[in-house]
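Here's the letter readout for the chains.
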Amino acid sequence: MEKLLKGKNAIVTGARKGIGYAIVESFAENGANIWACIRAEDSDFSANVAEMSKKYGVRIKPIYFDLSNEEQIKFAFKEIMQEKVPIDILVNNAGITHRALFQMTSLKTVKEIFEVDFFAPFLFTQMVVKAMLKSKVQGSIINISSTSGLDCDGGRSAYGSAKSALTCFSRVLAEELGLQGIRVNSIAPGITDTSLITLNKEQITQIVSETALKKMGTPKDIANGALFFASDLSSFITGQVLRIDGGLL
Amino acid sequence: MIQGKTAVITGCLQGIGRSTLDIFAKSGATIFACSLKKTDEYTFHLSELYQRYNSEIIPVYFDMMDNEAVKSAAREIQRHKKNIDILVNIAGMNHDAMFPMVTMTDMQDTFQVDFFAQIIFSQYIVKLMQRGGNGGSIINTSSISGLDGRAGQLSYASAKSALVAATKTMAIELGPHKIRVNAIAPGMIDTDMYQNVPSEIVSAKVQATQLKRMGKPEEVANTILFLASDLSSHITGQVIRIDGGMGA
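Residue numbers (my numbering), protein chains in the order written: chain X, 7 to 255; chain Y, 44 to 291.
Calculated directly from the structure, the hints in this document are not laboratory data.
As the structure is a computational prediction, the values presented were derived from the model and not from experiment.
Hints should not be assumed to be uniformly reliable.
What the hints assert, rightly or not - These stretches of chain Y come out as covered by chain X in the derived footprint (C-beta under 8 Å, 3 or more residues):
id, stretch
1, 105–116
2, 246–254
Unchecked claim - EDC-like mimics (lysine to aspartate or glutamate), calculated; alpha carbons at most 16 Å apart, straight line:
id, chain 1, residue 1, chain 2, residue 2
3, Y, K69, X, E8
4, Y, K255, X, E8
5, Y, K248, Y, D191
Virtual Cβ for every residue (Gly too), placed ideally from N, Cα, C.
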C-alpha cells in the first residue's frame, strides 16, 4: 500500500496502549515521524516504539507528561519545539473514562474528567496550533471523542459531557482555522476493545447485538479513521465527526 | 487499498464518477464502469486507463430513467460471474426549480434517477455481493442539499435526503451480512454542475466554506476510496460531508 503520511510529523497523545498505540503504529506504517506522548517513562513502551521505528524507517520519540499538570504540558511542548521541525498532525487521543449515575457523580470527579478530557487537549492544541500557523503547514487536527458525547447515554454525565465539549471545540476550531488550511475533525468511537471498557460481559454483548455489524471495534479500526483524517485523502473535509461504531443506528 | 477487489461504479462519464473510476483503476480494482452513454472521449479514456494501470474495466451502458434498462444492466454484470465487493452509486440528476414552480414531472424524474433507480440497482448488486459471502461496501452519493436543504432544489434535495434514510436502513439490514452501507454528501465540487452558475454566486458560496475553496472531484473520490477499503471496516450507516466545512 502507498504510504499516506510520508514525510509528515505527527503528535499522538495517549500513545501507551489501546487506540493511541494503534494510531502510532498505523501512522508509522504510513511513513510519519511521531512524537508519542505518554504519562510517564515506560521502558517497555520505549522498546516497542524503537522496534516499530526500525521496522518502518521512521522516527518515533516518546514524550512524557501528565495531562492534569499544566506545567508538564508546557514543558513537554517546549521539548517538541526544540527539534525545529514542523508539526503537520495532532491527534488528541489521551483521555480518561468514567461511568456512574448522575446522582453518584461528585463535582470533584466531573472536574477531574474535564481536566484530562477537555482542558488538557484545549491547552495543548493551543500550543500546537501556534506552531502550525508559524510553520504554515496544511495541518490536520484529530480529536478522539466518543459516541457517548453524541448519544448522551445514561451513566455518562461527566464523560459524555466532556467528550461533547471536545466535539464542539473541534467544530469551532475548524471554523477558525479553515482559512489557514488547517483541518479539524473528530472521531467518535463506539464500543471498542480496549482496557478502558467500563462494562461487564453481558452489557458488552447487549451493545454489540445492537450494532449493524454485530461486532466490537478494535483500536486498529479507530486508528484507520485517524489515518484517513490525517492524510490528504480527506483534504476537503473539516469540522466533521466520524462515528466508528459498527453502526449503532 | 482496494487491490484485487471488484467494484461497480455508476456515473463514470464525468465529474465525481470519472474521478472515482480513475482512482479505483489506479488502485488496482476490477471495475464495471456504468454510464448513461458511450462517447468517443469516454471510450478512449477507458482504453488509456487500461494501458496505464492494466486494470480490467468493463463498460456498462444504461439509462437510470428506465427500470428495465437498470435490470438488464444488472443481468449483464451478473453474466460475468464475478464476486462484487464494492458498489458506488454516483449517477444522478438535478433539475432546479423554485418550490411554487416544481412540477410533478420534475419530481418524478428526479426521484426516478436519484432514488428509485439507485435502490433497484443496489438490490440486484447486493445479491451478487451476498453470493460471494465476503461482505462488501456500498457508497451512496447524497448531497449537502439533502441534509441542509437548498433554495431551488426541492426535488433534488428531497431525493438525496431519502437516500440518506435508505443508506441507514440498508446498513441496519445488511450489517449482519458484513455489507457496509455509507453515504457521502459532497458540497461545492468543481464539476460541470457549476458551469452554468453565475461566478458571483459561486464565489459567495466558496466564502461560506471554512477552507474558502471549491472541492475537487478527486477529493470526493478519495473519500469514496476510504469507504470502499478495509480502512473503514467498522464504519457503517454514516454520512460523510465533503464540503470544505460549512459549520454543519
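Cross-check of the supplied hints:
1. 105–116: Coverage by chain X is violated here, the residue count being 0 at a Cβ distance below 8 Å.
2. 246–254: holds (count 3)
3. Y/K69 <-> X/E8: Given that 16 Å is the threshold and the Cα spacing comes to 11 Å, the pair holds.
4. Y/K255 <-> X/E8: 29 Å, violated
5. Y/K248 <-> Y/D191: With a Cα-Cα distance of about 14 Å, the restraint between Y/K248 and Y/D191 holds, given a limit of 16 Å.
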